[in-house]
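Engineer: Chains as they are written, first to last, in the working numbering: chain A, 1 to 459; chain B, 1001 to 1152.
By construction, these hints were calculated from the structure, which means they are not laboratory data.
It cannot be assumed that every hint is accurate.
What the hints assert, rightly or not - Capping the alpha-carbon separation at 25 Å, the derived lysine-lysine pairs in DSS-like fashion look like this: (1) B/K1084 - A/K87; (2) A/K431 - B/K1084; (3) A/K440 - B/K1109; (4) A/K57 - B/K1100; (5) B/K1109 - A/K98; (6) B/K1109 - A/K415; (7) B/K1084 - A/K440; (8) A/K229 - B/K1084.
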Amino acid sequence: MSQIDRRTFIKALAAASSASALSLPSLALAKTKAKVVVIGGGYAGATAAKYVKLLDKDIEVTLIEPNQIYVSCPLSNEVVVGHRDIKTLAVGYDGLKKRGVTVLHDLVTGVDRAKKVVSTKGGKKLAYDALVMSPGIDFQYTGIEGYTEALTEQFPHAWKAGPQTLLLKKQLEAMPDGGVFVIVVPKGPFRCPPGPYERASLVANYFQHHGKKKSKVIILDANDSHSKKGLFNQAWAKLYGWEKEGLGTNGMIEWVKGAEGGGVTKLDAKTKTVSSDFVDVKADVLNIIPSHKAGKIAADAGLTGAEGNNFEKGWCKVEPMTMASALDANIYAIGDSCVAGEMPLYGNPNAAFDMPKSAHIAMTQAKVAAAAIVAKLNGLPTPEPYYANTCYSVVGDDYGISVAHLYRVVNGTFKYIPEGSGVSMTTMPDKSPVPAIYRKLEAEYADGWLRNVIADAFG
Amino acid sequence: MHKVHQGIATAMTAVGLMLAGLAQAAPNIEGLARTCNNCHGTGGVSVGTSMPSIAGLSEAYLKHIMMEWKSGARASANMTRLIKGYTDEEIAGLAAYYAKLPWTPQPQKVGADILAKGKEATEDQQRPQDGRGQRARRRRVLRRARQVRERA
Ligand SMILES: Cc1cc2nc3c(=O)[nH]c(=O)nc-3n(C[C@H](O)[C@H](O)[C@H](O)COP(=O)(O)OP(=O)(O)OC[C@H]3O[C@@H](n4cnc5c(N)ncnc54)[C@H](O)[C@@H]3O)c2cc1C
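Bound conformation, chain B alone (with noise of 0.2 Å):
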């Protein structure tokens, strides 16, 4: 009896590790983003402005920034340290997976001040490139910035 039970013990051991071994082969890289959501919104689109959405990324990019977080060639105030825990082969997958979903703009609330501001340069911009409209416009910008800077 005892040792029947054992037999079976190991069959099971066996299917379990043929399974353990598949799934080291290919890391589940849908459920290791799905935490990444927490931060970066779900589906990786953020609405918290602090927050990048990560979603519709070029994969090259975001593999080259995770890569340089774990080499600690790049610096960040956090992401430096989670992505140390990760193989290069999950931050290959994470890298290709969020490149592959759709960038999806997030419209945020603004203050009308604010819009009549970035109107007011972009008007701006769109008047003739002569030299000497050039060198005014570029005074009122740097005067404006200055504004902006004195009164923030």
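Bound conformation, chain A alone (with noise of 0.2 Å):
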């Protein structure tokens, strides 16, 4: 196969310019192998690593990652609740290694950009012609007066997976009847834009089939709007009886948002209460997402904005047909710590697009990267890119909704294909309600989504 998508490849490639395939420089024939290191082994670098090697076996490929277990963040809000065992998230490295990549468990510590060398805590260098940039994000605990990061031990975020999901789950189930979880949620861009609604059902889910009815989840937006607001508004009415934005309603689920005192800017461990210009809300438990930054090695290795807005700042910026880094040709930044493009819905009405931090669009981006990275290095000229977006929320029994997206790059840049995107029907085109069936089905591709991108990016 791979031998096959290599041939295909670079024939394609050649047919697209105006070089003959003959003459192409072949790195079969090179006597140094060209070589491509990644840094971090999620759903980004992982892909991205897989997919150099399906194009061009001969380019010599090194992941580096700490861990030697990833477990995935999509559908952790599932083991919060109780519906799926961590086990099912977890996943190692030996289908990459099978491919042929080698895999360092190691932590990348500096990239020497002129030499093209990166190093590692475990005292190795290693020299590149292209690297991936895709550490993921780091969290910020600036912002909330009182927050640290060692209260996370107490207020856990469950925005990495692993441990945290694990006692943001012992947290509920310890939680009485007629307590209040809260859900803090950053100013964006944060990675998952649907994850705390997600979240917000899961649990009321969860209080309806544990004896905990009279129990809150309230939900303290930064934002002003989220992430399939119609869609999640119509679940939580039919299955948490939510009726408006605003504390003190009487439905399961309650909804602040920023411009309402949403935004959290105070906590009193003590007292476990939250504070915003606006109120004050007392948890019992209390599930604060910090807000988000491109991983720290993407800022130390000079690739992240200094300035701008949110989307700017602290965000590595990209080209967009190759997914390159706009200030180092030889490095590709894909996955949570790029940006490529801004949400309007995190309150800018000029974007033209939005292009969310998820696992499904880091590994379009992946792709994208790995090929014009075997192109680049097999003398080829850039393949068109297409990036894609689905994201399924799992809301309650038998009921998902998700929404889609399609980019592709016109004039050198992003553009947002709206055609080609939008969320699950909130009606039928009739506007009769939608039948329980496409909400059933949906919920059932989240699990045959997940099984599939595990294996499309670490199989």
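Dock chain one against chain two, each of which comes alone in its own frame, and use the hints as you go.
Structural biologist: Next up, the structure:
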């Protein structure tokens, strides 16, 4: 398969250029093999490593990742409420090794961009021809007075899957009926835009099934709108008695937007109380999601923007055709650590399109980068890129919803394609209610999607 | 000096346009197909039971359903959205691409009780096809289906 893939890939590239297939510089014939180093073995990095190998097995690929086992964030909200075993989210790196990727369990501590060498905590130095920067996100514990990194042991974020997910699960289980489960949502961009609202839905579902029907989920949101809002509100009304926005409603879920005091600025850890300029909310379980920035190594390598708005500062800007960093043509910045557009829903009404931070988009970015790297190392023109996204959210028993996004690159800039994008229907085209089978299918697709993305990235 | 630079820039733009034109004439089907792999599996072979494998399906069938999703003639919980962003040429290209890939069965882990039920049902079908036997078999099969439904 890889051999055929490589041949057809290189042939296809050659056909699109004026070069003849015979005169192509071949890496197979070159004396030294080209080297690709990948930083971070999440959805983005694993996919990039695999697809570079699939497209050209002669390239030497080394993936550097500190952990032996990766735990998927997607569908980890199901673990919190006991619908899924965390083992189904765990995957190792044997699949990549079988494909010929060298996997080094180590932490990258430095990138010498002039010499094109990365160094690791373990004292290794690795030279690269192309570097893939995919360290995901790091949290910023600033902006909430009284909140520190150490307090995540008491107030879990569960926004990196693993022990934090299980800690939040334990706290939910121990919460008495009539308790208040508070989710603090930071200003965007954060990864998985629908994630906090999926979590709220599943926690309410847990209350229903575990004799805690008097309990509440309160979402304190620094933003004024959110992903799939119409669909979430519809599902909440149907399943959890949702009435309207704001505090003090009768439903199980309450949502407070930024403009109405949703942006938390203060924490009193002793009384488990979070406050904004407008409200104070006392929690029984307090789930604070800290604000995000690109993984530390991306900033240390000087690839992140130092100024500008929320979307420029702290993230890696990229060239749309290739996913190469706007600041270094030899480094490809993919996944959560890059910025590829702005989300209009985070309060920028002028944003022309939105490329969310999701595992799905991280993988399509990785595939674009892999093809661009292989083309470049073989002296061929850049192939046309495609970016797509699908995010499923499971919001209740047999009830799933989704959003799809499609992007093309036109005249060197990202272009959101509205015809190929959109959310699940809220009504049928004739305005009749959506039959339950549609929601059930999407809940099932969420599981099929998870199995396939894990296999496509790590298998 | 300035003029020279402009000249180079113009020449480069011309080459750029030529390449862009070529790219438009022949869409990068393999690149597009790689995005499908996220949900339908590497090379179109799905390991998630709720998602269909698409490698090795008939080209005519693949093209037909995609075009029906695009026109709105056929319903789907999800595919009707993404597909509307693809050109007819891209859809035809995807159908041809996946049809050429080999159909690869994916063994699924199944419980022993379900396997036993399947075995019983197939043995049933291998009995002689006389009228009485057939009617009795039909009754048995219907009864079993009812039991399964009630239990589920
Ligand atoms: C609750 C929740 C639900 C979600 N649900 C979905 C969903 O349903 N669908 C979806 O598409 N997305 C979902 N997401 C988003 C998804 O998890 C991320 O978008 C995705 O993980 C991004 O992949 P990545 O590879 O960029 O980053 P990560 O997955 O975070 O991987 C980064 C990796 O880099 C490694 N690393 C960091 N620094 C270094 C270094 N210096 N040296 C070496 N390695 C390093 C880390 O150890 C890590 O393994 C969800 C997220 C959350 C939190």
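Engineer: Are there hints from earlier that the structure breaks, and if so, what are their numbers?
Structural biologist: Numbers 1, 6, in rising order.
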